[in-house]
Amino acid sequence: MDPLRLLVDPLAYPFMVNGLLETALLAVAAGLVGPFVVHRNLTFFAHALAHTVFPALVLAAVLRASPTLGAALGALVTVAAVFGLRRASPEVRDDSAVGITFIGLFALGVVLVGLLRVRSANVAAAVTGNLLGVGPAELATSALLVLALLAAFALLHRPLVLSTFDPLAARALGLPVALLDLVLLAMVAGTAIVGVGAVGVILPVAVLVTPAATAQFWGGPLGRTMLVAALAAGVAGVAGLYIAYYLPVAPAAVLVLALGACFAASALLGPRGLLGRRRTG
Amino acid sequence: MLDLLADPWRFDLTRRAMLAVIAVSMGCGVLGVLVVWRGLSFIGDALAHCAVPGVVVGFLTRTSFEAWGVVSALLAAWGMALLARRGWLGGDASIAIVFTSAFALGLAMISATGSYLNDLTEILFGNPLAAGPVDIALSALVALWVVGVVVLLYRPLVFASFDPTAARVAGLPVGLLDAALYGLIALAVVAGVAVVGSVLVTALLIVPPAAARLLARRVWTQMAVSAGLGGLAGVLGLYASYYLRLATGGSVVLAAVALFLAALLVSPRGVLRGWARRRTPRPALAGR
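Here the protein sequences come in this chain order: C and W.
Going by our numbering, the first sequence opens with residue 1, and the numbers climb by one from there.
Going by our numbering, the second sequence opens with residue 1001, and the numbers climb by one from there.
Hints were generated in silico from the structure; no laboratory data involved.
Mixed in with the good hints, there may be bad ones.
Unchecked claim - Pairwise CB distance ranges, derived in the manner of DEER restraints:
no.: 1; chain 1: W; residue 1: Leu1060; chain 2: C; residue 2: Ala137; range: 50 to 56 Å
no.: 2; chain 1: C; residue 1: Gly219; chain 2: W; residue 2: Val1134; range: 51 to 57 Å
no.: 3; chain 1: W; residue 1: Leu1144; chain 2: C; residue 2: Leu116; range: 37 to 43 Å
no.: 4; chain 1: C; residue 1: Leu168; chain 2: W; residue 2: Leu1272; range: 29 to 35 Å
no.: 5; chain 1: C; residue 1: Pro136; chain 2: W; residue 2: Arg1269; range: 48 to 54 Å
no.: 6; chain 1: C; residue 1: Leu275; chain 2: W; residue 2: Ala1170; range: 30 to 36 Å
Unchecked claim - Okay, the calculated bits of chain W under chain C, using three or more residues with CB under 8 Å as the criterion:
no.: 7; segment: 1017–1029
no.: 8; segment: 1175–1182
no.: 9; segment: 1195–1209
no.: 10; segment: 1267–1278
As the list claims (entries may be wrong) - One-sided and incomplete, this derived list gives chain W residues near chain C with beta-carbon spacing under 10 Å:
no.: 11; residue: Ser1094
no.: 12; residue: Phe1099
no.: 13; residue: Ser1101
no.: 14; residue: Leu1105
no.: 15; residue: Pro1133
For each residue, glycine too, the CB sits at the ideal point set by N, CA and C.
All chains, full assembly: derive it from the sequences and hints.
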């Protein structure tokens, strides 16, 4: 069969086009926010957010409120709880604060599901996400979120970069570091929410972390890291969709495996990877 | 009153669940202290998901889920340890990359073979009330093994956790010790997931040790306190689940979080003391 047709034929279906658009949005978000997540070690926080939004979604379903509103409120509660626990005692470490918030709220969600008898026909979908079932409404929500991310970054990119890579200097210059941290956490939350729609509860952290970690092996300034990360996420997403179109596998799983392969290849062959370093001595 | 307390224990079901939770909280409580010291809180949840590809292999080949789950979690744990040792990435990023790849592999296998996803969600959420006698014996064995190894390797493990550089200078095989610790965590997590579910295991690995850190100073007392608090959370959670008809795993987790918050209030380094300290004005020339 003509290889070009293999690529073009699936585009006749709106679900495929929607999936590709969602992937593109996800890639932009991953490229923009991922490098910050890796550098600030916000990985666990990003993973936690994808889970703590769960009880909020359960409540939103029971109250028939908008799921996006629920997700945003859940993210807000998470950020407040993590900050509160961290400040409560010097003996509570950052990862403990995140971990306790994460597992506590998630368990609350599990208890609520049983208590309120929520019929969760979509438990499976929540685990794997549904990249091929993205509707116009979800696409619009994702587009809005990504636009907000781009706007935040365009307005604040100098202070954000400075407070990430040299917090002491940022503080010395009188930048509101705590406020910038909150903006960054909100950006991570936005990306996590886009990710949950596309790849489910468990895998958004891969979209945030793996492309940015892959880009690290190629070096260069932050802008290039972001481009490489977005490119890796986009290519993996397209590969996931096309493979899932022809073979009966979950697109999110292929996406994440492709990302893992990108990471492994870059760790070996990238200029800063294992072999690259040896070659340059 | 006494009846209310004794009532739940009339059933085999609840007694078994209690034993299972106590066994799991022993192993997780002891390891959790080292996990919290190393800032590895992410690893419990991650390794629980790393068992999935193994479980699918067990499912497809009709062999033991647990054995294959342990194999895949062990491989993943050592992969995380290796990645973290290269120093390329923060520890959490290494954990995330390995765990998402492993979980995605499991998902791909499930979706490609059309096996039932329901079994997977059962595994992920788990239910202590479903623990059978074999499960309990198995988790007790794992707990004994974990505690035994930690007792045997106590000094080197603690040294390597607190100051890996100094431990290496002192001639300790830090890489091997890391491999042993990560291996023990993988074993405890998978055994726990099989018996009480991944949510509860993750919680027992993080929450009681964080509470113990607030209440005790020495490492071994923290380990004892954390194992005890895990068991206590099990009892409280089972009562809550029995009388309020809540999901068992979830209510044990919420009980553990409640115990942590209580510890946060009363601890010498906690919230109440903090307020008291801020209220009393310091003498002008207090020595630091």
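Hints, one by one, checked against the model:
Evaluation of the 50 to 56 Å hint for Leu1060 of chain W and Ala137 of chain C yields a failure: the beta carbon distance comes to about 38 Å. Between Gly219 of chain C and Val1134 of chain W the Cβ separation comes to about 53 Å, which falls inside the hinted range of 51 to 57 Å. At roughly 40 Å, the beta-carbon separation of Leu1144 of chain W and Leu116 of chain C lies within the given 37 to 43 Å, and the hint holds. Look at Leu168 of chain C against Leu1272 of chain W: about 33 Å separates their beta carbons, and that is inside 29 to 35 Å.
Against the hinted window of 48 to 54 Å, the Cβ-Cβ separation of Pro136 of chain C and Arg1269 of chain W comes to about 53 Å, which satisfies the hint. About 33 Å separates the C-beta atoms of Leu275 of chain C and Ala1170 of chain W, a value consistent with the hinted range of 30 to 36 Å. Counting residues of the segment 1017–1029 of chain W whose beta carbon lies closer than 8 Å to any beta carbon of chain C gives 0, which falls short of the minimum of three for the stated coverage. Under a criterion of three residues with beta carbons nearer than 8 Å to beta carbons of chain C, the stated coverage of the segment 1175–1182 of chain W fails, only 0 such residues being counted.
Given as covered by chain C, the segment 1195–1209 of chain W passes the check, having 5 residues with a CB less than 8 Å from a CB of that chain where 3 are the minimum. With 5 residues carrying a beta carbon less than 8 Å from a beta carbon of chain C, the segment 1267–1278 of chain W meets the three-residue requirement, and the given coverage holds. Interface restraint check: Ser1094 of chain W against chain C, minimum CB-CB distance 8 Å, threshold 10 Å, status holds. Annotation: Phe1099 of chain W was flagged as interfacial toward chain C, and the flag holds, the nearest CB pair being 8 Å apart, inside 10 Å.
For Ser1101 of chain W, the shortest C-beta to C-beta distance to chain C is roughly 4 Å, which falls under 10 Å, so the interface hint holds. Given the 10 Å rule on beta carbons, the hint for Leu1105 of chain W holds: about 6 Å separates it from the nearest Cβ of chain C. Look at Pro1133 of chain W: its Cβ only gets to about 26 Å from chain C, farther than 10 Å, so that hint breaks.
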